[in-house]
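Visitor: Residue-level listing of the chains:
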Amino acid sequence: MKGRTPQRIGAGVLVVTALAALLAPVLAPHAGNQRFTGLLNAPPTFIYMWDAAGAWRRPFVYPWKRISQLEQQYEEDSSRPVPLIWFTSGQLVQSSDEERAPLLLLGADSFGRDVFSRLLYGARLSLALALVGALGATLIGAFLGGVAGYVGGAMDDVMMRVSDFVLVLPAMYVALMLRSMLPLALEPRTVFTILAIIFAVIGSPFITRGVRAIVRTERALDYAAAAASLGASHARVLVRHLLPAARGFLFVEITMLVPAFIVAEATLSYVGLGFPDTIASWGTMLQDASSISAFADFPWLLSPAAAMFLIVWSLNLTLQGRYERPM
Amino acid sequence: MISYLCRRLLFAVFLVFAVSSASLLIVELAPGDYVTGSLGLQATPEEVAALRARYGLDRPIATQYFDWLSRAARFDFGRSLANGRPVAELISDAAVNTATLAVTALLLATLIGLPLGVFSGTHRGGVLTGTIRASSVFLLSMPPLLTSLFLVFLAARTGWFPIGGMNAIGRGFFDRLHHMVVPVLALALPLSALFERLQAQATSEVVTQPFVLATFARGVPRSRVIWRDALKVALKPVASIYGLVVGTLLSGSFAVEVITTWPGLGSLMLNALRARDVYLVAGCAAAGSIFLAAGTLASDVALAYVDPRARE
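Here the protein sequences line up with chains B and D, keeping their order.
Just so it is clear: in the first sequence, position 32 is 32 by the numbering used here, and no numbers are missing.
Just so it is clear: in the second sequence, position 100 is 100 by the numbering used here, and no numbers are missing.
Hints in this document: simulated from the structure, not taken from any laboratory.
Given the structure is predicted, the values throughout are model-derived calculations rather than measurements.
It is possible that part of the hints are untrue.
Quick list of simulated restraints, FRET-style, between CB atoms [unchecked claim]:
# : chain 1 : residue 1 : chain 2 : residue 2 : range
1 : D       : Phe17     : B       : Ile194    : 23 to 31 Å
2 : D       : Arg176    : B       : Ile194    : 38 to 46 Å
3 : D       : Asn83     : B       : Gly152    : 37 to 45 Å
4 : B       : Met155    : D       : Arg176    : 46 to 54 Å
5 : D       : Arg176    : B       : Arg80     : 52 to 60 Å
If you want the footprint, here are the derived chain B segments under chain D, 3+ residues with CB under 8 Å [said to hold, decoys possible]:
# : region
6 : 177–187
7 : 301–310
All C-beta atoms in this analysis are idealised placements derived from N, C-alpha and C, irrespective of residue type, glycine included.
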C-alpha cells in the first residue's frame, strides 16, 4: 500500500469536514447569527490547561478585554479564568460564562458573530449547494450525453456543437449573467434553488461530452447487441447496460465539479449576487473580509478561504494522478 | 489548412455575435431595467415612463435588439445609460487592462509550467520532482479567488506590494508593474500548476514511445530528444487546452479584478449588470467573447502546428 498516503490524507480531511458540517448544531458553540456586541472583530480565544501560576487545571479560557474601541484591539484578562463546560444544552463545549467570555475558536467578525460557528453552518450550505449542483449536472449530462451517444446522427451533431459552444464560455460570467437576470433580494431557499440550477446547467457540458463518447464506444460492443437482441428496450439498454460504463468517469467529474461550485458560490456571494449576508455561507463570510483593512488586522476572517482550500486540496489529493482541471 | 482556418474564423465570428446578442436579450428580458433601478421605489409612473422613453427602453425588445445590432455592425455600441459615455470608450479601457493582466499571466504560467512539466515528466521519483508535483497539487487547489485573497493579505501584512487599483496618479511604468504583481501572480500560479501537471503527464507518456527510443538509439543527445523531438509531440494536450484556458482566465480574472480592484472588464461588467445598463453589458460580453474567439483561434493554430491531423 506504499504511495497511497496522499489519498488517505485527502479522504480523511474530507470525512472530517463532512462530519463537522453534519454535526454543526452540536459542534458549533453558538448560533450562526448570535452577536456579541462587545466583541466586534475579537481575536480567537485560546484554550488553556495551565493558569498564570503554572498550575494545571481543567481546560479554560481567558475573557477578552477591549483596550481600544477605535482600533478594536483586545487583550486577555488573565486574572479571571473561565472554565469550559461540556455536553450542556445540546452543545459539545461552551464557555461557562457565555455573556462575557464566549468561546470564539476562530475569533469574531465585524458584527461580533462567532467565526467558527458560522464556518460550520456555512459548510452545510456551501457543501450542500455544491453537491446538489454537481449531482444535477451529472443527471443532465448523463441524460443528454447518453441520448446523443445512443441516437447519434443529426441530434448528436447539434448537441455536441451546443456543448462545444458552452464549454468555451467563461463559466463565471455565464453564472453571473444568469444570476443577475433575477431580482437581487430573494429568500435564501430561492437563492439555493436558483444557484443549484445555474451550476447544474453550466457544469453539464463537460459531462455530456464524456458520457456521449463512452456510450458511443460501448454501444458498438457485443454485450449491447446481446441485450438488445434479448428484447431489451432502448431505454433499458441505455440505462441498465451502457450508462454504468460511465460510472468511473462520472465519479471523477463530480469530484472536480464540487470544488468548482464551492468557489463559484463564494465568488457570487462575495460580489453580492449569492446568498444574503444574514445567512452564513463561506461566500457571505468572505464578504465580511472584503474591506482591505480588515484583511491585515483580522486574519481569522479569512478562515472560510482556508476551509475552501482545504476541501479542494484534499479532493485533489484523493484524485492524484488523474486529469486535473481548475475552475 | 486555409479552409480549416476559415472554418475556425467563422466560428469565432459566430461566437462574438451569439454571446453579445444573448447577453443583451437576457438583460432586456430580465425583470426590472435601468430606470426602475435608478429611480427607486418613490418614482411616479409618469417619471418612469418619461425616462424609459428618453433611453428608448419603451420600445419592443425586438426593435431595440435589431436597432442595437444594426448599429453594432457599424461599430457603434451605444452609450452607457449610467453615465452617458460611449460604450466603446469605456470598454476599450477596461479590455486593455484585462488583457494586460491575462496575457502577462498566461505568459508567466507557460514559462513556469511547461519547463517544470517537462522536467518532472522525465525525472521520475526524484526529490525535486516530488516537490514540483506537491506544489502543483497545492496551487491547483487555490483557484484565483483564493490566491488573490491570500496574496492581498500577504501584501497588506508585509507592505511589499500595493494591494488595490492599478496606478498611483502621476507615476510611470514601473509603478504599474508594481501594482500588477499581486493580480498577475494570483492568476498565473494556479494556471502554471495546471500546465505543469498536463505537460508532465504528456511528456512521461511520450518518452516511452518507440520513436523516442529510436532517436536515442541513433545517438541524439538526451536533452535534444526531450526538449525538441519529444516536446513537439507532448505539447499537444497543453496546446489544445489553451482555448479553454482563455475562458478559465476570464473567469478567474473576474474574481481577481474584484478583489484587487483592478479596473478591468470584470468589475465593469459587474457594475453594468447590477445597474442593468443594457448596452454596457452587451459591450462587455462582446469584448469578452472577442478574447475568447482570439484564444480559441490561437489554440487551433497551435494545435494545427503541433499535430497536422487536427487540420482535417
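Visitor: All hints, please: hold or fail.
Guide: Hint-by-hint comparison with the structure:
1. D:Phe17 / B:Ile194: 23 to 31 Å: With a Cβ separation near 28 Å, D:Phe17 and B:Ile194 satisfy 23 to 31 Å, so the hint holds.
2. D:Arg176 / B:Ile194: 38 to 46 Å: holds, 39 Å
3. D:Asn83 / B:Gly152: 37 to 45 Å: Violated - the Cβ-Cβ distance for D:Asn83 and B:Gly152, about 52 Å, lies outside 37 to 45 Å.
4. B:Met155 / D:Arg176: 46 to 54 Å: holds, 51 Å
5. D:Arg176 / B:Arg80: 52 to 60 Å: Holds: the Cβ-Cβ distance is about 53 Å, inside 52 to 60 Å.
6. 177–187: holds (count 7)
7. 301–310: Three-residue rule met by the region 301–310 of chain B, so holds; n is 4.
Checked against the numbered hints listed earlier, the structure breaks hint 3 alone; every other hint is satisfied.
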